[in-house]
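> Residue numbers for the sequence shown follow the working numbering, so the first one is 3 and each next one is one higher.
Each hint should be verified, as a subset may be incorrect.
Stated by the list, open to error - Quick list of in silico lysine to any residue cross-link-like pairs, SDA-like style, CA-CA up to 25 Å:
no.	residue 1	residue 2
1	Lys44	Leu108
2	Lys43	Ile315
3	Lys84	Phe109
4	Lys127	Leu96
5	Lys199	Ala137
6	Lys210	Gln169
7	Lys257	Glu288
8	Lys317	Leu46
9	Lys207	Gln169
10	Lys136	Pro150
11	Lys207	Arg267
12	Lys183	Thr208
13	Lys136	Glu26
14	Lys198	Thr208
15	Lys139	Tyr225
16	Lys198	Gln147
17	Lys93	Lys127
18	Lys207	Lys93
19	Lys207	Cys268
20	Lys47	Asp148
21	Lys44	Gln147
22	Lys257	Thr216
23	Lys192	Asp159
24	Lys192	Lys136
25	Lys44	Asn174
26	Lys144	Leu32
27	Lys44	Phe311
28	Lys70	Lys43
29	Lys70	Gln296
30	Lys139	Lys210
31	Lys207	Asp222
32	Lys207	Lys226
33	Lys253	Ala137
34	Lys146	Pro166
35	Lys226	Gln188
36	Lys127	Ala164
37	Lys23	Gln296
38	Lys226	Thr80
Everything labelled a hint here was simulated from the structure, so no lab data went into it.
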Amino acid sequence: TDQNFPDTIPHGDTLNYVLEKIPEIAIYGLRTEIIRELIRKKSLKDFRLLDQYYCVAIDATGSITFRKRHCPHCLLRTHTVKNKKDNSQTKVTLYYHPVLEAKLILFNGLALSIATEFIENEQEKVSKQDCELKAFKRLTKKLKQDFPQLSICLLLDALYAAEPVFQCCEQNHWAYLITFKEGNMQATFKEYESLKKISPENILKTQKEKITQTHHWVNDIDYKNLLLNVLECEEDKFEKTTRFVFLSSFKLNAKNVEILSREGRCRWIIENQGFNTQKNGGYGLEHAFSLNTQAMKNFYFLMQIAHIFNQLIEKGSLLRERIKRTMGS
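Please construct the entire structure, taking both the sequences and the accompanying hints into account.
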């Protein structure tokens with residue numbers, strides 16, 4: 003055996019060195035081409051909403067956290083830690099790097115990364131830190147630039163129930179389903195509750211096995227010169243009632259409310275099959291593979307690409323049966 007053989011084996015430090023030199027747009031662009039190819043070959047067309055829209059969930063998640071400042075772009079958060087022994091309190095500052103993700107969501111459980119924006123400060127001393135809504139503006143520009151002709155329906159949580167988001171969707175000709183809570187846009191929520199009572203015709207009740215769903219909807223609620231539609235689904239499942247309410251760009255009727263409420267709830271796929279899998283399923287989303295900012299981002303993009311391929315293998319028909327026969331599961 004060649005004594006020099008161990009020196010030729012790729013090492014983590016070597017990969018880190020390479021990723022420090024590669025522009026992040028190169029790996030980011032590779033991920034974009036993968037998604038474009040899937041769409042171009044119509045591999046995902048059967049999962050479109052209303053046979054037209056690709057559902058894209060956008061949400062932020064924590065990535066890497068440090069006890070000391072890592073770089074000028076770190077966000078910082080100070081919280082109080084209580085000592086159980088003497089009840090004393092100590093202030094602890096954490097430096098962290100959250101990320102805003104856009105994932106292509108399919109109702110069969112796929113969550114394919116399609117666009118990314120890091121939430122980070124421009125410099126060490128700033129009057130106001132970067133945030134999720136600021137990053138949303140940057141992310142949607144990337145999404146429109148990379149997929150200008152794609153019919154998109156955004157799936158968003160209640161944080162995005164705001165005028166700038168509605169305008170962004172309108173300008174980009176995107177549809178949306180946004181979680182609507184009473185604490186957001188309180189006057190509009192109260193107006194919906196009032197209009198619902200006088201719109202008994204806008205009710206659809208369905209029952210499948212032991213699950214009963216009652217849908218209510220109201221169209222064209224005026225909000226700052228915009229017309230919003232509200233969809234509500236009350237689900238009785240195993241003697242437990244859950245209420246889901248969404249702001250929708252779609253004109254609502256008895257033919258589409260059931261499928262729209264189902265797609266609105268698919269936003270949770272980005273949390274479960276997306277972030278949770280990457281944090282606890284062996285991908286190491288919260289692990290600092292590098293302390294170099296450039297390499298750190300490139301590691302993140304490579305993780306997204308790896309997760310895309312793993313999901314396609316798990317859900318696809320090409321290798322699934324062969325893997326099952328070989329590995330037993």
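> Does Ala137 sit within 25 Å of Lys253, going by the straight-line distance between their CA atoms?
Distance ~29 Å between Lys253 and Ala137 Cα, so the pair is violated.
> Take the C-alpha atoms of Lys127 and Ala164, compute the straight-line distance between them, and say whether it is at most 25 Å.
Judged against 25 Å, a Cα distance of about 28 Å means the pair is violated.
> Is Lys44 within 25 Å of Leu108, Cα to Cα?
Measuring from Cα to Cα gives roughly 14 Å; hence the hint holds.
> Check whether the Cα positions of Lys84 and Phe109 lie no farther apart than 25 Å.
At roughly 43 Å apart (the allowed maximum being 25 Å), Phe109 and Lys84 break the hint.
> Below or equal to 25 Å on CA atoms is what counts here, so check Lys183 against Thr208.
holds (24 Å)
> Measure nothing beyond the straight line between the CA atoms of Lys139 and Lys210; if it is 25 Å or shorter, mark the hint as holding.
Violated, because 40 Å separates the two Cα atoms, which is more than 25 Å.
> Between Lys23 and Gln296, does the CA-CA distance stay at or below 25 Å?
At roughly 8 Å apart (the allowed maximum being 25 Å), Gln296 and Lys23 satisfy the hint.
> Next pair to validate is Lys144 with Leu32; report whether the Cα-Cα distance is within 25 Å.
holds (14 Å)
> Check whether the Cα positions of Lys44 and Gln147 lie no farther apart than 25 Å.
holds (20 Å)
> Quickly compare the C-alpha distance for Lys257 and Glu288 to 25 Å and report which way the hint goes.
violated (43 Å)
> Hinted pair, alpha-carbon criterion (25 Å max): Lys139, Tyr225. Please report holds or violated.
The given pair, whose Cα atoms are some 21 Å apart, holds under the 25 Å limit.
> Does Gln147 sit within 25 Å of Lys198, going by the straight-line distance between their CA atoms?
Status violated; Cα separation ~39 Å.
This entry does not satisfy hints 3, 5, 6, 7, 9, 16, 18, 24, 28, 30, 32, 33, 36 and 38, going by the numbered hints stated previously.
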